[in-house]
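This is what each chain is made of:
2 protein chains.
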Amino acid sequence: MSPTLPASDFSATSKPAFYKTLVAQVEAVLDLSLPLTANLANISSVLFYALTDAPVSRKINWCGFYLTEDATAAKPRMVLGPFQGRVACTIIPFGKGVCGTAATKRETQVVKDVHEFPGHIACDSASESEVVVPIVVGDVVKGVLDIDCLVKEGFDEEDRVGMEAVVQKLLVLWQ
Amino acid sequence: MSPTLPASDFSATSKPAFYKTLVAQVEAVLDLSLPLTANLANISSVLFYALTDAPVSRKINWCGFYLTEDATAAKPRMVLGPFQGRVACTIIPFGKGVCGTAATKRETQVVKDVHEFPGHIACDSASESEVVVPIVVGDVVKGVLDIDCLVKEGFDEEDRVGMEAVVQKLLVLWQ
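Chains as they are written, first to last, in full-length UniProt numbering: chain A, 1 to 175; chain B, 1 to 175.
Hints are computed from structural coordinates only; laboratory data are not their basis. A quick note: this is a predicted structure, and the numbers were derived from the prediction, not measured. Where a beta carbon is used, it is the ideal one built from N, C-alpha and C, also for glycine. Worth double-checking, as some hints may not be accurate.
What the hints assert, rightly or not - Cβ-to-Cβ under 8 Å is the rule here; a few derived chain A residues that face chain B:
1. 30
2. 31
3. 32
4. 34
5. 35
6. 37
7. 41
8. 42
9. 76
10. 77
11. 79
12. 83
13. 84
14. 88
15. 90
16. 173
Stated by the list, open to error - Restraint-style ranges between C-beta atoms, simulated for each label pair:
17. 75(A) to 113(B): 26 to 36 Å
18. 160(A) to 20(B): 44 to 54 Å
19. 164(B) to 118(A): 20 to 30 Å
20. 24(A) to 152(B): 14 to 24 Å
21. 140(A) to 138(B): 33 to 43 Å
22. 137(A) to 174(B): 27 to 37 Å
23. 93(B) to 24(A): 48 to 58 Å
24. 138(B) to 24(A): 43 to 53 Å
25. 140(A) to 28(B): 43 to 53 Å
26. 174(B) to 106(A): 19 to 29 Å
27. 55(A) to 126(B): 18 to 28 Å
28. 161(A) to 72(B): 25 to 35 Å
29. 140(A) to 157(B): 44 to 54 Å
30. 168(B) to 59(A): 34 to 44 Å
Please construct the entire structure, taking both the sequences and the accompanying hints into account.
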């Protein structure tokens with residue numbers, strides 16, 4: 001049951017312009033009266049189809065969230081949240097793979113070739129590159145936004161900046 | 001971050017055979033140690049891609065869950081849960097549209113043409129037909145499984161039986 005979103009122009013020919021539109025779209029969809037799951041489910045969809053449709057982006061195959069289960073645990077881990085794409089890993093310990101590294105280092109990971117990432121968790125062989133942005137609220141890593149691409153070098157520095165701006169807009173969901 | 005599922009044969013040439021495989025796949029993905037969101041996120045993906053790939057099924061464009069917020073409320077409503085597809089309605093009151101009707105009547109709705117459904121909630125104009133299965137545990141409607149199709153008459157009696165078998169397998173998530 002999918003409504004039509006307010007029209008958005010994702011035809012921008014520069015990534016900064018594309019991400020400016022995307023951040024506005026994300027903001028338009030957020031509804032703080034709803035549960036986190038409803039918001040992240042719709043945000044995953046906004047991001048997935050915008051990135052799929054946009055001329056400036058490469059073909060992505062997965063977009064979604066992993067959410068920290070208990071940030072105070074001795075060995076914290078993340079659990080699969082809402083996403084778009086094929087069936088996903090359900091548990092990712094902090095420090096493991098690209099997602100776990102982003103969570104532990106609290107730094108966005110832009111991986112041009114996932115097969116060369118040390119400790120990469122063997123996943124869908126269709127994924128060739130990946131960007132993972134940690135979701136940090138105050139001193140706590142609440143989870144990560146994870147996006148996989150079907151080609152190598154699917155994401156660059158402009159994507160990092162753009163994705164981080166998206167995640168900044170989402171932080172209000174945890175506040 | 002998507003792992004490869006155990007290989008499943010969705011090439012069945014009859015719907016009963018297809019749904020038998022699908023129910024087994026759903027069962028294989030369920031993990032009762034995980035939160036409801038993680039399970040429903042992966043189940044949405046299993047269903048979406050199986051229905052998309054299977055020769056026996058029509059082209060679907062949305063597959064996911066609406067979850068009852070407070071079943072004891074005077075006017076209960078459902079909130080968007082995990083799904084695959086384009087951005088979705090976030091709130092559906094019991095009794096409204098195809099989903100709300102399935103919840104109120106506690107009966108699967110197979111709608112051959114959504115445009116002719118009384119009280120149909122105006123949604124993605126791409127959706128032409130729909131099947132909605134209520135998720136009933138004991139005496140409580142926990143939500144619905146909603147699947148939209150891009151063509152009219154996308155679902156038939158065999159799909160109803162198959163989808164209900166899928167939902168039966170999911171009930172353990174609420175027990």
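Structure-based check of all given hints:
This hint is violated: residue 30(A) has a C-beta 11 Å from the nearest C-beta of chain B, more than the 8 Å allowed. At about 6 Å, the closest approach between the beta carbon of residue 31(A) and any beta carbon in chain B falls short of 8 Å, and the interface hint on this residue holds. The restraint placing residue 32(A) at the interface with chain B is violated, with a minimum CB-CB distance near 12 Å, outside the 8 Å limit. Interface hint at residue 34(A): satisfied, since its Cβ lies 6 Å from the closest Cβ of chain B, which is below the 8 Å cut-off.
Because the smallest distance between the Cβ of residue 35(A) and any Cβ of chain B comes to about 6 Å, under 8 Å, the interface hint for this residue holds. Against a cut-off of 8 Å between C-beta atoms, the interface hint on residue 37(A) holds, since the closest Cβ of chain B lies about 5 Å away. Checking residue 41(A) against chain B by beta carbon gives a least distance of about 5 Å; that is within 8 Å, so the hint holds. Nearest Cβ of chain B to the Cβ of residue 42(A): about 5 Å, under the 8 Å cut. The hint holds.
A least Cβ separation of about 15 Å between residue 76(A) and chain B goes past the 8 Å threshold, and the interface hint is therefore violated. Using the Cβ-Cβ criterion of 8 Å, the hint placing residue 77(A) at the interface with chain B is not satisfied: the shortest such distance is roughly 11 Å. For residue 79(A), the interface hint holds, the least distance from its beta-carbon to any beta-carbon of chain B being 5 Å, beneath 8 Å. The interface hint given for residue 83(A) is met, as the beta carbon of that residue sits about 6 Å from the closest beta carbon of chain B, less than 8 Å.
Because the closest C-beta pair between residue 84(A) and chain B is about 6 Å apart, less than 8 Å, the hint holds. At a threshold of 8 Å, the smallest CB-CB gap from residue 88(A) to chain B is about 5 Å, leaving the interface hint in force. For residue 90(A), the interface hint holds, since its Cβ comes within 8 Å of a Cβ in chain B; the closest pair sits about 5 Å apart. Interface hint at residue 173(A): violated, since its Cβ lies 14 Å from the closest Cβ of chain B, which is beyond the 8 Å cut-off.
In this structure, residue 75(A) and residue 113(B) break the distance hint of 26 to 36 Å, their C-beta atoms being roughly 53 Å apart. Taken as a hint, the range 44 to 54 Å holds for the pair residue 160(A) and residue 20(B), whose Cβ atoms sit roughly 45 Å apart. Between residue 164(B) and residue 118(A), the C-beta spacing of about 47 Å breaks the proposed range 20 to 30 Å. For residue 24(A) and residue 152(B), the Cβ-Cβ distance of about 35 Å falls outside the hinted range of 14 to 24 Å, so the restraint is violated.
Between residue 140(A) and residue 138(B) the CB atoms are about 37 Å apart, so this pair conforms to the stated range of 33 to 43 Å. With their beta carbons about 30 Å apart, residue 137(A) and residue 174(B) fall inside the hinted range of 27 to 37 Å. The beta-carbon spacing between residue 93(B) and residue 24(A), approximately 29 Å, falls outside the hinted interval of 48 to 58 Å. Distance hint check: the CB atoms of residue 138(B) and residue 24(A) are about 44 Å apart, consistent with the given range 43 to 53 Å.
Against the hinted window of 43 to 53 Å, the Cβ-Cβ separation of residue 140(A) and residue 28(B) comes to about 34 Å, which falls outside the hint. The given range of 19 to 29 Å is broken by residue 174(B) and residue 106(A), whose C-beta atoms sit roughly 36 Å from each other. For the pair residue 55(A) and residue 126(B), the supplied restraint of 18 to 28 Å holds, since their beta-carbon distance comes to about 21 Å. Look at residue 161(A) against residue 72(B): about 47 Å separates their beta carbons, and that is not inside 25 to 35 Å.
For residue 140(A) and residue 157(B), the Cβ-Cβ distance of about 50 Å falls inside the hinted range of 44 to 54 Å, so the restraint holds. The hint said 34 to 44 Å for the Cβ distance between residue 168(B) and residue 59(A), and at roughly 37 Å that hint holds.
Checked against the numbered hints listed earlier, the structure breaks hints 1, 3, 9, 10, 16, 17, 19, 20, 23, 25, 26, 28; every other hint is satisfied.
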